[in-house]
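Engineer: One-letter residues, chain by chain:
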Amino acid sequence: MQQEIEIAELRKLTELIKDKYDYDFKNYAMSSFKRRIKRIVELYKFKTIDSLIDKLESTPSFFEEFVSEITVNVTEMFRDPSFWSVLKEQIIPNILLNHNKLNVWHAGCSSGEEVLSMTILLEEMGVLDRSNIIATDIDTAIIDRAKKGTVSLKNMELNSSNYERFEGKYTIDKYFQEQNGKAVFDPNLMRQVSFRKHDLVKGVVFSKFDLILCRNVMIYFNQTLQNDVLYKLHESLFRYGYLAIGSKESLIWCDIANKFIVVNNEEKIYKKIKD
Amino acid sequence: MTRFKLSTKYKAIAIGGSAGSFQPITKILSVIPKDFPLPIFLCLHRLKHVRHGFVEALSIKSLKSIHEPFDKESIKRELVYLAPANYHLSIELGNTMSLSTEGLINNSRPAIDITLESAAYAYRDKLIGILMSGANKDGALGMQKIKDRGGLTIIQDPEESMISTMPNSALSVTEIDHVLKTDQIIEFLLELDQMLRSG
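Chain order of the listed sequences is A and B. Just add 695 to wherever you are in the first sequence, counting from 1, and you've got the working numbering. Just add 58 to wherever you are in the second sequence, counting from 1, and you've got the working numbering.
Hints were generated in silico from the structure; no laboratory data involved. Note that the coordinates shown come from a computational prediction; the quantities given were computed from them, not determined experimentally. Hints are supplied without guarantee of correctness; some may be wrong.
[As the list claims (entries may be wrong)] Quick list of the computed label-pair ranges, beta carbon to beta carbon: (1) B:K106 - A:E699: 25 to 33 Å; (2) B:K106 - A:R734: 20 to 28 Å; (3) A:E710 - B:R135: 34 to 42 Å; (4) A:Q874 - B:P95: 57 to 65 Å; (5) B:S256 - A:F933: 56 to 64 Å; (6) A:E760 - B:R61: 52 to 60 Å; (7) A:L853 - B:S132: 32 to 40 Å; (8) B:M220 - A:K707: 43 to 51 Å; (9) A:E710 - B:I118: 45 to 53 Å; (10) A:G821 - B:M220: 50 to 58 Å.
[Said to hold, decoys possible] Straight-line alpha carbon distances no greater than 35 Å define the calculated DSBU-like cross-link-like pairs of lysine-lysine that follow: (11) A:K969 - B:K134; (12) A:K842 - A:K721; (13) B:K184 - A:K742; (14) A:K750 - B:K205; (15) B:K205 - A:K733.
Cβ coordinates follow ideal geometry from the N, Cα and C atoms, glycine included.
Please take these sequences and the hints and turn them into a complete structure.
Structural biologist: Right, dumping it as structure tokens:
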């Protein structure tokens with residue numbers, strides 16, 4: 696499809712999805728959302744947006760695939776190694792100073808690379824068994840993949856160099872075995888992790904946490920939606936809990952920005968200071 | 059009379075470049091006045107995992123402020139915006155920018171095609187696209203989109219480019235309004251600056 700996708704067509708598409716499937720993509724950031732739709736149209740060889748809309752209308756089973764394709768699932772282990780060092784040296788020790796348990800939420804966990812990174816970090820700190828990790832995503836297929844704790848071997852070079860720059864205790868090879876072109880991580884790492892399906896847009900607040908990682912997730916939302924989602928993240932944090940977002944994200948435009956303070960501006964780690 | 063297609067309608071400039079583009083872009087930035095009245099979006103291929111140093115290196119000689127935008131930051135017209143490491147930079151309708159971590163395009167993140175295409179959509183015929191030296195075809199499709207929507211397309215003269223693959227790729231897929239050497243690009247921008255101020 697060479698033609699430009701029109702805003703009116705996107706609106707028609709998001710309206711249908713909202714009515715039929717109760718997912719709301721209306722406030723997704725326009726340019727990346729449009730690229731994702733274009734990608735689906737090309738992948739499934741739809742001739743027009745209308746034929747994509749018809750397919751979604753008539754085939755509920757296709758909707759799951761659609762969600763998988765809409766979601767950006769590009770991630771890496773220990774992305775921004777300096778961020779993970781700050782977690783290890785400051786944030787987590789601080790939380791454990793006042794709490795026996797560490798409750799972590801990976802909001803938008805994708806294929807699970809950050810969850811694996813977190814379990815390795817906590818294992819190396821000797822506190823994994825005091826931790827309770829919830830990982831959620833909108834996309835069921837990607838959660839199934841994340842649960843397996845496997846990573847494509849071709850990504851392991853990058854993951855390994857990230858781990859080195861994070862200054863992990865060992866080399867990352869200690870944690871996985873090669874099987875059929877995949878790095879299969881020690882299932883024991885996942886002993887404190889539970890996965891569930893959750894949509895940040897429509898989903899309700901379901902628990903409270905000491906630390907929420909929501910890195911490079913809200914960049915796919917427009918400012919209106921970022922604002923709404925921040926209310927939910929705020930409500931999901933204990934007071935003095937921490938929120939980590941991506942290195943080039945910012946909360947300063949949100950209504951409740953003043954309920955947080957910046958703990959580390961470079962790594963974009965915030966602390967909730969007001970209910 | 060100038061030989062350039064100048065107009066006061068232009069609202070933004072988007073520049074892409076890769077291998078061999080650092081020197082000419084530094085030279086351009088050393089001449090464009092601090093209060094040049096249009097925003098400039100720079101998408102240059104860079105190391106994915108080096109977050110720091112690039113803005114600083116470009117800033118040494120630049121008269122204008124160079125800034126790596128945050129997601130959903132508003133566009134100010136006096137600034138130069140540099141696509142951050144490991145993020146794609148898009149221009150949104152409504153005078154903001156957004157970042158994304160979608161997969162590599164033409165083996166790159168940031169990808170020039172994404173910045174140029176989204177800018178073409180946001181600014182339509184009021185955009186000037188400039189593509190410099192580089193060793194792959196990233197940016198060619200973006201230049202095509204700019205042309206399709208009525209914007210102005212400029213490439214660094216392949217003869218002068220350290221690596222001509224990138225400007226040549228643009229030339230092979232779309233109409234290019236001006237093929238210019240770095241000094242002529244500077245002349246173009248200075249004339250545009252004069253025109254925008256007096257117009």
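Engineer: Hint by hint, note whether the structure agrees.
Structural biologist: Results of checking the hints against the structure:
In this structure, K106 (chain B) and E699 (chain A) meet the distance hint of 25 to 33 Å, their C-beta atoms being roughly 30 Å apart. Under the hint 20 to 28 Å, the C-beta atoms of K106 (chain B) and R734 (chain A), about 21 Å apart, fit the expected range. Between E710 (chain A) and R135 (chain B) the beta carbon distance is about 35 Å. The supplied range of 34 to 42 Å therefore holds. Taking 57 to 65 Å as the suggested C-beta distance range, the pair Q874 (chain A) and P95 (chain B) conforms, at roughly 59 Å.
In this structure, S256 (chain B) and F933 (chain A) meet the distance hint of 56 to 64 Å, their C-beta atoms being roughly 60 Å apart. A C-beta distance of roughly 53 Å is found between E760 (chain A) and R61 (chain B), which places it inside the suggested range of 52 to 60 Å. Between L853 (chain A) and S132 (chain B) the C-beta distance comes to about 33 Å, which sits within the given range of 32 to 40 Å. Checked against the hint of 43 to 51 Å, the pair M220 (chain B) and K707 (chain A) passes, with Cβ atoms roughly 47 Å apart.
Checked against the hint of 45 to 53 Å, the pair E710 (chain A) and I118 (chain B) passes, with Cβ atoms roughly 51 Å apart. Remark: the range hint 50 to 58 Å for G821 (chain A) to M220 (chain B) is upheld by a beta-carbon distance near 52 Å. For the suggested pair K969 (chain A) and K134 (chain B), the alpha carbons sit about 32 Å apart, so the restraint of at most 35 Å is met. For the given pair, K842 (chain A) sits about 29 Å from K721 (chain A) by alpha-carbon distance, which is consistent with the 35 Å threshold.
Under the criterion of a C-alpha separation no larger than 35 Å, the hint pairing K184 (chain B) with K742 (chain A) is consistent with the structure, at around 30 Å. A threshold of 35 Å between alpha carbons decides the hint, and for K750 (chain A) with K205 (chain B) the separation of about 33 Å falls inside it, so the pair holds. Of the pairs offered as hints, the one joining K205 (chain B) and K733 (chain A) holds, with about 20 Å between alpha carbons and a cut-off of 35 Å not exceeded.
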